[in-house]
Structures are given as C-alpha cells and as structure tokens.
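Engineer: First to last, the protein sequences are chains H and F.
Position in the first sequence (first residue = 1) + 884 = the numbering used here.
Position in the second sequence (first residue = 1) + 27 = the numbering used here.
One should not assume that every hint holds.
Derived pair list, reagent style DMTMM-like, types lysine to aspartate or glutamate, alpha-carbon separation capped at 25 Å [said to hold, decoys possible]: (1) Lys77/F - Asp1024/H; (2) Lys77/F - Asp99/F; (3) Lys97/F - Asp936/H; (4) Lys944/H - Asp249/F; (5) Lys77/F - Glu55/F; (6) Lys944/H - Glu892/H; (7) Lys97/F - Glu940/H; (8) Lys97/F - Glu892/H; (9) Lys97/F - Asp1041/H; (10) Lys944/H - Glu932/H; (11) Lys944/H - Asp103/F; (12) Lys33/F - Asp199/F; (13) Lys33/F - Glu894/H; (14) Lys944/H - Glu914/H; (15) Lys944/H - Glu894/H; (16) Lys97/F - Asp1024/H; (17) Lys944/H - Glu1046/H; (18) Lys944/H - Asp92/F; (19) Lys33/F - Glu903/H; (20) Lys33/F - Glu1046/H; (21) Lys77/F - Glu36/F; (22) Lys62/F - Asp99/F; (23) Lys944/H - Asp99/F; (24) Lys944/H - Asp972/H; (25) Lys97/F - Glu1046/H; (26) Lys944/H - Glu903/H.
These are calculated hints, taken from the structure and not from any lab test.
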Amino acid sequence: MNVAASTEAEAVLIRRAAEGDRAAFSSLVETHRRRVYFLARDLCGNCEDAEDLAQEVFVKLYRSLHSFRGAARLSTWLHRITLNTYIDQRRSRAWKEKLQTVDLEEHTPASTHTNPGVASAPETFTLNQQVLGHVDTALDVLSPRERAAFVLRHFRDTPISEIASSMQIRQGTVKSLLFRGVRKLQGSLAHLDPHAKREGAL
Amino acid sequence: MKRCRKWLELSVLHHYGELSPRRARRLERHLSRCKDCRLAAQRQHANLAKLTPPHLQEPEPAFWDGFMAKLDQRLDGVAPLPEPRMRLLQSHRGWALSAAALVLVILGGIAGRLIFPPGTVRSATGIVAGNGFTVDLSSHLETLHPLLVDCSTATPAEFAQSLPVDQPRLQDLLLRNRLLMRRAQVQHDTAASELLEEIELILLELSAPATNDHTRIGQVHDLVNRSDLVGRMDILRRRSRPLVGQEARI
C-alpha cells in the first residue's frame, strides 16, 4: 500500500472511529500504539508508567477524534498529545507530592536534598557504570518540559524546529530548555565525577 | 567565566548539529583560544555521549493483547465527546478558558486558605525562614499576578490591542525570574522552581518579536491556562504571606 492509499485508509478509519466504530478505533490504535508506547517509555523512564501514559493518550484520542480536522497527520497529533499528557501528568503528580511533603522537607537537613540515585550510589561503582546503568535516574533531575526536550533531541534525534512544533513553543524556548537540561545533567554528573564539578557550576 | 557560559550553551547546540556553519566556526575559534571552555565543552560532550538511549525491548505479543484489553475496558466507561458540544466549545473556547481560569483561581484561593489559614507560619517553599528568598519570591509573584491574570482571561483580540507590559519591563521581569529560579534550585525548592520555569516560558513567549501574532497570543493563553498557572501561583502567594509577616517582625 503506498503512502497516499494508507493516508486515505487512515482517514476512513478516523471518520468511522469518530462515529463510534470501536473496531475502526482499535485498528488505529494497533497502527500507532508501538510508536506512542516507545515515546512514552523514553519520557517516563519505566514500562509501567509508559503503559499508563500510552493508555491515557489513546483515551484522549478517543474522546477528541471529533476535533481532528486532518490539518496534521494523526501520528503528529498523537505525538503532541503524548507530550502534553506526559507534561501535565508529571507536573500534577509533582505538585501533589510537593504539597503533601512540604512539612517533611522543612525538617530535612539540606544535605539530603541530593539527586535521587546519585548520592546513594556506592563509591565502588565507576562513573560509567553509574551513568549507563541509571540514565533514567539521571534524567529525573529534569523538569517535565526539560526532559521532553532532551529526550526528543538527544535520544530521538528530533530537530529543534520539530520539537518546537510538537511542544507548541518557540525554537528559542526549546534551546533554553535544552541548555538548562544539559546544565542540570552536568550538575548531577558532577556528584559522580569530581573533575566535572567546575563545569556543572557553569 | 560568566561570558563563557554563552559559548558553552552554543556548544550544546553544536553537539547536536544545530549551529549554523558561521556560528560553528566562531565557537571553534573561541574554543581554540579558551582552555577553560575547551575542557568544559569536551567534558560536556563526553558526558552527553555517555547518556545513551535506554535499550528498548520490543514488548511480547501478550503485552499488546493485555494493552488492548485494558484500553477496551477503559473505553467502555468513556463516551466520545459529541461533536456539537465540541463545536460549541471551540467557538466559545476563549470564554470557556476564561471561566475555567476564574474558577481555578477561586478554588486555588479557597484551598490555600483552608490548608494554610492566615496566621499559620509555614514555609510554602520548604526553606528556612529569614533567608529572604520567600520574601523575594512573594514580591515577584505579587508583581506578576496582574499580568498573568490578563494573559489568562483576556481574549486574543483584546490582548493584541495592547500588550499589558512593555518590552524593557518584560526583560526586567525575565531577569528577576531567572535569578529567583536559580535561587530556588539552590534551595532545592522544586515547587517554586517549576512554577518559575513555567512563568519563564510565558515571559519568553511574551517577549518574542511576533507577540502581536494571534497564534502566538493563543499559545500564551493556552500555556497559562493549561498549566493552571494562576491557581498554583495563588497557592504559593497565599502560603508565603504569613511568612512574610513573620520575617518582617524578625
């Protein structure tokens, strides 16, 4: 099947799914689930959260198929829904946790506020083992938007212009998110690599 | 070293091949002259190279069966939004968002008052009283509040007629926001840091040259409302107030 025919077939499926045809919707999910799941896996850093995120994305798609006007491809639209859902979920989760734990934090010594998985790593581990083994942990220091920008640029090789379009922000803002993300990661790695301390402070 | 930070930022873009040939040449010239930057850039590239994408295993077919079954179950309880309602919502999107923002502001205020009634001395940001950060944060949020409420409630047409703040003032706010964001990070205050980061995005969007463009204005509107910025800011402001009083007495 060529691209035009496949797009045409997808348009028919979208129309039928929007009219309530669950079989047509399942076909759409089967076509796109792998891509959505792998993006979710990169963003969330673990399979359980990625599955939940992918489920949520398809539920949102189901609810909003009526508003799909075909201006962009469905895959682009799903990409955008995945990013927005991830950012919203992580922000609301972090915010709730922050509200619940604020009392505890007030009484916690400042020295315990270190990056998760970094300070507790045994000294016997080499830097490479720690970084390679804990990529997801290293990325935990990033805010949701920084992580989304970093994952798309660093892991998925997405050009900054496309990231800006997916996240619906300016390219300059994506660059800022990327700089800040890399700087935070440098700071996080500085705990592991004494030579990198100066760089992390830059 | 402060000036060199610019080069390190460019070095990140260079690493990803996002620099124009001219800027890449300027960066390379600088790196050949500045030993500190050269070493820092080398370390930066080496660290980034270590952050390899996690190896993603293809899920088993059984995983997808379970996925589809779970999704089917969830969809049973979810009705697609009827089209006419969607159309109505879209045609009154500005009003709907404004109303939602207003409700969120009110709910945020009530929640803030219930959780931290006036007189309760409690740090909203998890920092020790008396270090001045809370006072500065509170004052910054007070300054920004009217602007963000405008961003949240004004329609794009109203917004396009007059930007509620001029560019020099925006740059000033942006600088102040960045300084506070840095302080929040130093204090490990994630809540404040994330809120300030969201605010920075709005300020960056507002300070873009094409701010009068309707699409851009719509994006600012969406950014403010989607993240419930005003509601979250209101909670932090309310929770900071008693502390401000306490610090004033100190």
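Engineer: It remains to establish, for every hint, whether it holds in the given structure.
Structural biologist: Status of the hints after comparison with the structure:
For the hint pairing Lys77/F with Asp1024/H, the CA-to-CA distance comes to about 16 Å; that is within 25 Å, so the pair holds. The suggested pairing of Lys77/F with Asp99/F is violated, with an alpha-carbon distance near 40 Å, which exceeds 25 Å. As the CA atoms of Lys97/F and Asp936/H are separated by approximately 10 Å, the hinted pair is consistent with the 25 Å bound. Between Lys944/H and Asp249/F, the direct Cα distance comes to roughly 18 Å. Compliance with the 25 Å bound is thereby established for this hinted pair.
A hinted pair counts as satisfied when its Cα atoms are at most 25 Å apart, and Lys77/F with Glu55/F qualifies at roughly 22 Å. Distance restraint check for Lys944/H and Glu892/H: the Cα-Cα separation of roughly 23 Å lies within the 25 Å cut-off, and the hinted pair is therefore satisfied. For the hint pairing Lys97/F with Glu940/H, the CA-to-CA distance comes to about 11 Å; that is within 25 Å, so the pair holds. For the proposed pair Lys97/F and Glu892/H, the alpha carbon gap of about 29 Å is over 25 Å, so the pair is violated.
For the given pair, Lys97/F sits about 32 Å from Asp1041/H by alpha-carbon distance, which is inconsistent with the 25 Å threshold. For the suggested pair Lys944/H and Glu932/H, the alpha carbons sit about 19 Å apart, so the restraint of at most 25 Å is met. Between Lys944/H and Asp103/F the alpha-carbon distance is near 13 Å, which keeps this suggested pair within the 25 Å criterion. The suggested pairing of Lys33/F with Asp199/F holds, with an alpha-carbon distance near 19 Å, which does not exceed 25 Å.
Restraint check for Lys33/F and Glu894/H: not satisfied, since their Cα atoms lie roughly 46 Å apart, outside the 25 Å limit. Under the criterion of a C-alpha separation no larger than 25 Å, the hint pairing Lys944/H with Glu914/H is consistent with the structure, at around 16 Å. Restraint check for Lys944/H and Glu894/H: satisfied, since their Cα atoms lie roughly 18 Å apart, inside the 25 Å limit. For a cut-off of 25 Å, the pair hint linking Lys97/F to Asp1024/H is broken: about 28 Å separates their Cα positions.
For the proposed pair Lys944/H and Glu1046/H, the alpha carbon gap of about 22 Å is at most 25 Å, so the pair holds. The straight-line distance between the Cα atoms of Lys944/H and Asp92/F is roughly 20 Å, inside the 25 Å bound, and the hint therefore holds. Distance hint between Lys33/F and Glu903/H is unfulfilled; the C-alpha atoms sit about 53 Å from each other, more than 25 Å. For the suggested pair Lys33/F and Glu1046/H, the alpha carbons sit about 24 Å apart, so the restraint of at most 25 Å is met.
About 19 Å separates the Cα atoms of Lys77/F and Glu36/F, which keeps this hinted pair within 25 Å; it holds. For a cut-off of 25 Å, the pair hint linking Lys62/F to Asp99/F is broken: about 60 Å separates their Cα positions. At roughly 13 Å between alpha-carbon atoms, Lys944/H and Asp99/F fall within 25 Å of each other, so this suggested pair holds. Pair hint Lys944/H plus Asp972/H holds up; C-alpha atoms about 13 Å apart against a cutoff of 25 Å.
Taken as a hint, the Lys97/F and Glu1046/H pair is broken in the structure, with Cα atoms around 32 Å apart against an allowance of 25 Å. Simply put, Lys944/H and Glu903/H have alpha-carbon atoms about 15 Å apart, close enough for the 25 Å limit, and the pair holds.
Comparing the model with each numbered hint stated earlier shows that hints 2, 8, 9, 13, 16, 19, 22, 25 do not hold.
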